[in-house]
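Chains as they are written, first to last, in numbering that gives the first Met the number 0: chain A, 0 to 319; chain B, 0 to 319.
Any given hint could turn out to be false.
A pair counts as met if it fits within one copy or between any two copies, since identical chains are not told apart.
[Unchecked claim] With a straight-line cut-off of 30 Å between C-alpha atoms, the simulated DSSO-like cross-links for lysine-lysine are:
hint	residue 1	residue 2
1	Lys60	Lys221
2	Lys205	Lys60
3	Lys151	Lys295
4	Lys102	Lys236
5	Lys2	Lys228
6	Lys79	Lys295
7	Lys151	Lys283
8	Lys151	Lys316
9	Lys283	Lys91
10	Lys295	Lys91
11	Lys151	Lys318
12	Lys316	Lys60
13	Lys228	Lys151
14	Lys151	Lys79
15	Lys236	Lys91
16	Lys280	Lys228
17	Lys60	Lys295
In short, the hints are calculated from the structure, not lab data.
Number of protein chains: 2
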Amino acid sequence: MDKKLIGVDLGGTTIKFAILTQDGEVQQKWSIKTNILDEGSHIVPDIIESINHHLDLYEMKPEQFIGIGMGTPGTVDVEKGTVIGAYNLNWKTLQNVKEEVEKGTGIAFALDNDANVAALGEQWKGAGENAADVAFITLGTGVGGGIIADGKLLHGMGAAGEVGHVNVEPGGYLCTCGNRGCLETYASATGVVRVARDMAEEFAGKSALKDAVDNGDDVTSKMVFDLAKEDDVLAVKVVDRVCRYLGLACANISSILHPEYIVIGGGVSAAGNFLLEQVAKYFKQYAFPTIRNTTKIKLARLGNDAGVIGAASLALKFKD
Amino acid sequence: MDKKLIGVDLGGTTIKFAILTQDGEVQQKWSIKTNILDEGSHIVPDIIESINHHLDLYEMKPEQFIGIGMGTPGTVDVEKGTVIGAYNLNWKTLQNVKEEVEKGTGIAFALDNDANVAALGEQWKGAGENAADVAFITLGTGVGGGIIADGKLLHGMGAAGEVGHVNVEPGGYLCTCGNRGCLETYASATGVVRVARDMAEEFAGKSALKDAVDNGDDVTSKMVFDLAKEDDVLAVKVVDRVCRYLGLACANISSILHPEYIVIGGGVSAAGNFLLEQVAKYFKQYAFPTIRNTTKIKLARLGNDAGVIGAASLALKFKD
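With the sequences and hints as input, model every part of the structure.
Below, the structure is given as structure tokens:
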């Protein structure tokens with residue numbers, strides 16, 4: 000009998016679930032709202048109930064599963080299966096997620112942080128094409144990432160893959176981490192807008208982006224990229240700067256890890272090939288020849304499914 | 000019977016050998032000159048002869064060894080055990096080192112590049128204290144390195160650990176790799192001198208370093224650090240700049256890998272704690288809080304023995 004995997008992608012507004020084959024084929028998908036009331040104390044019971052309910056629905060038993068894998072915000076202890084400090088879930092104290100879910104479902108459970116499981120998803124079934132060495136960068140509200148080296152997700156002492164805090168401009172923009180010049184301050188959705196506002200101030204020519212900033216319009220990262228695609232002079236400059244920092248970070252990641260692919264995902268990556276080509280241009284400028292000609296920069300392919308797919312792959316470790 | 004390991008550190012002038020226990024204790028050491036004549040064709044036969052000769056001398060047999068590990072300059076194919084492009088050995092064409100040494104000694108043989116084996120040596124028996132996650136940077140004529148993550152040496156697509164080409168100053172000094180601003184152009188022995196000459200030109204005050212540069216004296220990296228220790232104003236500025244770039248590179252390596260230790264070795268690291276403290280200062284400035292408080296920067300401890308010890312550790316993979 001071919002046992003299945005369950006993947007869970009726990010986010011601040013939605014919890015996504017999927018049942019997958021061991022080859023990573025999604026067979027069932029569903030989701031529930033995240034109830035963060037009462038210090039997030041409903042979240043784990045809701046997950047357990049939803050899994051049990053759906054197994055009933057599909058007439059499946061715990062024995063038919065290799066395990067459950069889950070991606071979560073916050074600081075994860077992979078060994079113990081605990082989470083702390085997931086503020087968008089109201090989880091301020093230590094959560095014994097593994098213990099509770101295993102008890103509640105009777106299925107083995109593994110946990111990692113959300114950027115790491117998205118990296119695993121893209122590496123396994125997405126743009127990473129199951130290569131042994133893949134770096135993943137996600138450009139969202141913040142910038143996160145995950146590193147797969149020699150087929151394994153890297154943790155280091157816990158925070159490996161925090162590419163959002165790679166310093167690309169010493170003395171640059173102040174980051175929420177307290178440092179100045181982190182990649183996140185330029186290449187996250189909010190970072191792109193920050194660069195746009197900053198450059199608009201010093202820009203004198205004609206630009207719809209400058210007009211929007213000056214009018215106090217609600218400027219978004221998408222607007223900046225859309226205007227750049229239409230050759231708005233200021234927007235083109237903003238995108239160039241953002242892509243230069245991204246290219247530099249990709250080059251430095253590659254000099255250290257020499258991955259086969261660097262996969263870029265997250266909301267900002269919706270700008271597509273327009274973003275990719277400019278990042279690749281600067282990557283080629285900053286990477287040394289061996290790297291330049293072998294590491295490829297690609298766009299993520301799985302979109303929102305990266306989380307559940309990568310999470311499910313965590314459970315493969317329970318295979319026999 | 001406790002089987003032993005043999006480590007070989009192949010360099011442009013000397014080939015070092017050691018016999019070690021499986022715990023990495025060096026029991027015998029010897030060395031021979033590297034004969035690079037005739038396109039380096041004597042090197043592998045000399046290695047085989049020297050090993051066989053010493054086994055005779057110590058009345059040991061091939062069966063008493065788990066294997067031989069070797070570090071070499073050039074581009075290594077770890078799977079095939081071949082080397083190409085080791086110019087200081089005159090090895091321009093592909094060398095079937097593994098095949099020849101195994102045939103000539105009757106002992107299993109493993110190969111990796113010299114910076115990687117030095118990293119393994121320091122991780123196993125040196126400043127890395129056998130931690131699972133260690134990054135090693137060697138500051139010599141060039142800047143090289145090696146990364147151990149989750150207990151394994153990283154190769155990526157072959158060039159992982161090339162920290163000398165981490166870009167610390169986009170548009171900066173021209174590197175031999177063709178790029179501008181690689182760490183190597185500032186923090187290698189020649190890089191330090193380059194920074195010194197450059198800063199001397201714009202320096203107006205009183206400085207023995209400036210005098211040396213202006214007099215056309217033979218300025219060395221050691222001289223720069225020695226003068227900085229004596230508070231020579233220009234030398235202090237030069238060391239500060241070099242350490243700033245090193246600290247930045249260490250911070251970025253750590254944001255990606257979160258190692259327990261970053262170990263700094265090579266000739267320039269002879270400047271000791273004077274260097275270390277200034278690198279650590281900038282590391283703490285550029286690293287984000289989680290990293291800053293957990294990753295430690297240390298000086299290498301094994302000196303020239305790192306190569307043979309790390310090389311020997313490669314042979315541990317043949318253990319049963």
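Indicate which option fits the pair Lys151, Lys318 if close means a Cα-Cα distance not exceeding 30 Å: within, between, both or neither.
both (16 Å within a copy, 23 Å between copies)
What label fits Lys60 with Lys221 when the C-alpha limit is 30 Å: within, between, both, or neither?
Classified as neither; 45 Å inside a copy, 70 Å across copies.
Cα distance capped at 30 Å. Does Lys60 pair with Lys295 within a copy, between copies, both, or neither?
This pair counts as neither: shortest intra-copy Cα distance 42 Å, inter-copy 48 Å.
Copy assignment of Lys102 with Lys236, given that the CA separation must stay at most 30 Å:
Neither: 55 Å inside a copy, 61 Å across copies.
What label fits Lys280 with Lys228 when the C-alpha limit is 30 Å: within, between, both, or neither?
within (16 Å within a copy, 43 Å between copies)
I want to check one pair: Lys79 and Lys295. Are their C-alpha atoms no more than 30 Å apart within a copy, between two copies, both, or neither?
between (35 Å within a copy, 25 Å between copies)
Alpha-carbon proximity between Lys151 and Lys295, which holds within one copy, between copies, both or neither at 30 Å
both (19 Å within a copy, 24 Å between copies)
Between copies, within a copy, both or neither: which fits Lys151 and Lys316 at Cα up to 30 Å?
The answer is both: 11 Å in one copy and 19 Å across copies each meet 30 Å.
30 Å Cα cut-off: does Lys2 pair with Lys228 within a copy, between copies, both or neither?
neither (47 Å within a copy, 66 Å between copies)
Treating 30 Å as the Cα threshold, decide for Lys151 and Lys283: within, between, both or neither.
both (26 Å within a copy, 28 Å between copies)
Using 30 Å as the alpha-carbon threshold, which applies to Lys236 and Lys91: within, between, both, or neither?
neither (41 Å within a copy, 45 Å between copies)
How do Lys316 and Lys60 come out at 30 Å by Cα distance, when the copy is not named: within, between, both, or neither?
For Lys316 and Lys60, only the intra-copy Cα distance (20 Å) is at most 30 Å; the inter-copy one is 41 Å.
Against the hints set out earlier in the document, violations occur for numbers 1, 2, 4, 5, 13, 15 and 17.
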